[in-house]
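From the two separate chains plus the hints, produce the assembled complex.
As they're listed, the protein sequences go chains A and B. Using this note's numbering, the first residue of the first sequence is number 1, and each one after it goes up by one. Using this note's numbering, the first residue of the second sequence is number 1, and each one after it goes up by one.
It should be emphasised that the hints constitute simulated quantities derived from the structure, not laboratory data. Check each hint, because a few of them may be wrong.
Using C-beta positions, here's what the derived DEER-type ranges look like [said to hold, decoys possible]:
#1 A/54 - B/9: 32 to 42 angstroms
#2 B/83 - A/7: 36 to 46 angstroms
#3 B/20 - A/17: 20 to 30 angstroms
#4 A/67 - B/51: 24 to 34 angstroms
#5 B/14 - A/77: 47 to 57 angstroms
#6 B/84 - A/2: 22 to 32 angstroms
#7 B/3 - A/75: 37 to 47 angstroms
#8 A/77 - B/22: 34 to 44 angstroms
#9 B/51 - A/31: 22 to 32 angstroms
Straight line, CA to CA, 30 angstroms or less: simulated DSS-like cross-link-like pairs of lysine-lysine [what the hints assert, rightly or not]:
#10 B/78 - A/2
#11 A/67 - A/2
#12 B/11 - A/42
#13 A/98 - A/67
#14 B/14 - B/78
#15 B/57 - B/78
#16 A/98 - B/11
#17 B/11 - B/78
#18 A/42 - A/2
#19 B/57 - A/67
#20 A/42 - B/57
#21 A/2 - A/98
#22 A/67 - B/11
#23 B/11 - B/57
#24 A/56 - A/2
#25 A/2 - B/57
#26 B/14 - A/42
#27 A/56 - A/98
#28 A/42 - A/98
#29 B/78 - A/42
#30 A/56 - A/42
#31 B/57 - A/98
#32 A/67 - A/56
#33 B/57 - B/14
All values reported here derive from a predicted model rather than from experimental measurement. We put the beta carbon where it would ideally sit given N, CA and C, even for glycine.
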Amino acid sequence: QKEVEQNSGPLSVPEGAIASLNCTYSDRGSQSFFWYRQYSGKSPELIMFIYSNGDKEDGRFTAQLNKASQYVSLLIRDSQPSDSATYLCAVSGDSSYKLIFGSGTRLLVRP
Amino acid sequence: GAGVSQSPRYKVAKRGQDVALRCDPISGHVSLFWYQQALGQGPEFLTYFQNEAQLDKSGLPSDRFFAERPEGSVSTLKIQRTQQEDSAVYLCASSSWDSPLGAEAFFGQGTRLTVV
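Chain B with its partners taken away, still in its complex shape (with noise of 0.2 angstroms):
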């Protein structure tokens, strides 16, 4: 595709709810990144794959947060039994190999997570 794509946008889960999200990033990129953005702060490093090794998790708040990219593709953040806490806009970048890391980091539009 064109850009990084998240789905879905928005997500409303009871508390105690399990949610997925989903991207899928731009073709070809071996990068790709979590992070989580509470309201009026910056994104936070959620984790990192390079291709469908996970090499950071540091980011993730609890055991409650689980995230894979099993084809080196299209990856997914698992969030169980949510908490109100979790609510945030969650985003997803991807990269390719050949960039300094970071520097071309393309973002997606986010899936914004209300735990009610």
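Next up, chain A with everything else stripped away, as it sits in the complex (with noise of 0.2 angstroms):
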């Protein structure tokens, strides 16, 4: 099992609908939970980072964190095409300093 999780996609969703992306991470002693956008061929850019139970709201980005259930989403409201590219969710391990990434998952925004 790999230590953090996330379907691959792609998801697709029509312009100005939400965009649900979820992760799971598997080391209960993970402290910090990170998003990060990769557009293709660029380099990943933090979009959200978040250290508390429950929801953080940045403009059209809203970060939820669950440490029960080792589960981690990023809803993006009003998506736009702009928003397309792959989202990579990121945990940094006991030594805090190492991020962790799950695979990324592909979102398609449809114009």
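This is the structure:
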């Protein structure tokens, strides 16, 4: 079992819809959780990070964390074609500085 | 510089050749990371520097991989006797001292290494 699991997708949503991206992790001791966006051929770009259970909102993005279920999600409201990218979930392990990434979910927003 | 700079952007190496990949982090960033990203996968941790000290090299796949950051700024990842399985994008990231490690990690554009 991989330490960080994501559905590879593609997840296809129409423009203006809510896109929901999910991630599960295996290490209960994980403390910090990150969502990165990666356009094809580009480097990962940090979108959100979350440390505490519950929701964290930033503009059109909401990160949700449930440590009991070892589950973290990213909601994108009012999805735009420019949101089409691969979204990487990352978790910091015991050593805190080391990010463990999932394989990413490819999101496609249809105009 | 304005961001993390990596060079070369693309490198084609013949199997058995040695390569050196360069990372120029954001000025003043204490922490520097190297990750390897295979096609269709997420980045995988290779090694971590705090200033010039290499504090973690547990992710380096074999003793053919070597990284250094002698003056606590520019870093070089060297791969000796390259093999086809080394083909990947090598990403460098840096972050500042007082941020939660990883939360403010800025990635460079990467070096795409193809071993033929």
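How the hints compare with the structure:
Distance hint check: the CB atoms of residue 54 of chain A and residue 9 of chain B are about 40 angstroms apart, consistent with the given range 32 to 42 angstroms. Under the hint 36 to 46 angstroms, the C-beta atoms of residue 83 of chain B and residue 7 of chain A, about 31 angstroms apart, miss the expected range. Take residue 20 of chain B and residue 17 of chain A: their Cβ atoms lie about 46 angstroms apart, and the range 20 to 30 angstroms is violated. At about 33 angstroms, the beta-carbon gap between residue 67 of chain A and residue 51 of chain B stays in the expected band of 24 to 34 angstroms.
With their beta carbons about 49 angstroms apart, residue 14 of chain B and residue 77 of chain A fall inside the hinted range of 47 to 57 angstroms. For residue 84 of chain B and residue 2 of chain A, the Cβ-Cβ distance of about 23 angstroms falls inside the hinted range of 22 to 32 angstroms, so the restraint holds. Remark: the range hint 37 to 47 angstroms for residue 3 of chain B to residue 75 of chain A is contradicted by a beta-carbon distance near 28 angstroms. Remark: the range hint 34 to 44 angstroms for residue 77 of chain A to residue 22 of chain B is upheld by a beta-carbon distance near 40 angstroms.
Our hint of 22 to 32 angstroms for residue 51 of chain B and residue 31 of chain A holds, since their Cβ atoms are close to 24 angstroms apart. Between residue 78 of chain B and residue 2 of chain A, the direct Cα distance comes to roughly 28 angstroms. Compliance with the 30 angstroms bound is thereby established for this hinted pair. With a C-alpha separation of about 17 angstroms, the suggested pairing of residue 67 of chain A with residue 2 of chain A holds against the 30 angstroms cut-off. The suggested pairing of residue 11 of chain B with residue 42 of chain A holds, with an alpha-carbon distance near 16 angstroms, which does not exceed 30 angstroms.
As the CA atoms of residue 98 of chain A and residue 67 of chain A are separated by approximately 19 angstroms, the hinted pair is consistent with the 30 angstroms bound. Restraint check for residue 14 of chain B and residue 78 of chain B: the C-alpha separation of about 15 angstroms stays at or below 30 angstroms, so the hint holds. Of the pairs offered as hints, the one joining residue 57 of chain B and residue 78 of chain B holds, with about 13 angstroms between alpha carbons and a cut-off of 30 angstroms not exceeded. For the hint pairing residue 98 of chain A with residue 11 of chain B, the CA-to-CA distance comes to about 26 angstroms; that is within 30 angstroms, so the pair holds.
The hinted pair formed by residue 11 of chain B and residue 78 of chain B meets the criterion: a straight-line CA distance of about 13 angstroms does not exceed 30 angstroms. Taken as a hint, the residue 42 of chain A and residue 2 of chain A pair is honoured in the structure, with Cα atoms around 24 angstroms apart against an allowance of 30 angstroms. A C-alpha spacing of about 29 angstroms is found between residue 57 of chain B and residue 67 of chain A, which places the hinted pair at or below 30 angstroms, so the restraint holds. Taken as a hint, the residue 42 of chain A and residue 57 of chain B pair is honoured in the structure, with Cα atoms around 25 angstroms apart against an allowance of 30 angstroms.
Restraint check for residue 2 of chain A and residue 98 of chain A: satisfied, since their Cα atoms lie roughly 16 angstroms apart, inside the 30 angstroms limit. Using a Cα cut-off of 30 angstroms, the hinted pair residue 67 of chain A and residue 11 of chain B is violated, with the two alpha carbons roughly 41 angstroms apart. Distance check on the hinted pair: residue 11 of chain B and residue 57 of chain B sit about 23 angstroms apart at the alpha-carbon level, within 30 angstroms; holds. Taking the CA atoms of residue 56 of chain A and residue 2 of chain A, the gap is near 26 angstroms; set against the 30 angstroms cutoff, the hint holds.
The hinted pair formed by residue 2 of chain A and residue 57 of chain B meets the criterion: a straight-line CA distance of about 20 angstroms does not exceed 30 angstroms. Annotation: proposed proximity of residue 14 of chain B to residue 42 of chain A holds, straight-line Cα distance about 25 angstroms (limit 30 angstroms). Distance check on the hinted pair: residue 56 of chain A and residue 98 of chain A sit about 22 angstroms apart at the alpha-carbon level, within 30 angstroms; holds. Among the hinted pairs, residue 42 of chain A with residue 98 of chain A is consistent with the structure: their alpha-carbon atoms are about 21 angstroms apart, no more than 30 angstroms.
Between residue 78 of chain B and residue 42 of chain A the alpha-carbon distance is near 22 angstroms, which keeps this suggested pair within the 30 angstroms criterion. Proximity of residue 56 of chain A to residue 42 of chain A is assessed by CA-CA distance (about 26 angstroms); at most 30 angstroms being required, the pair is judged to hold. A distance of roughly 11 angstroms separates the Cα atoms of residue 57 of chain B and residue 98 of chain A; the hinted pair therefore holds under the 30 angstroms criterion. Note on residue 67 of chain A and residue 56 of chain A: the hinted pairing holds, with a Cα-Cα distance of about 14 angstroms set against a maximum of 30 angstroms.
Proposed proximity of residue 57 of chain B and residue 14 of chain B is supported: the alpha carbons are some 26 angstroms apart, at most 30 angstroms.
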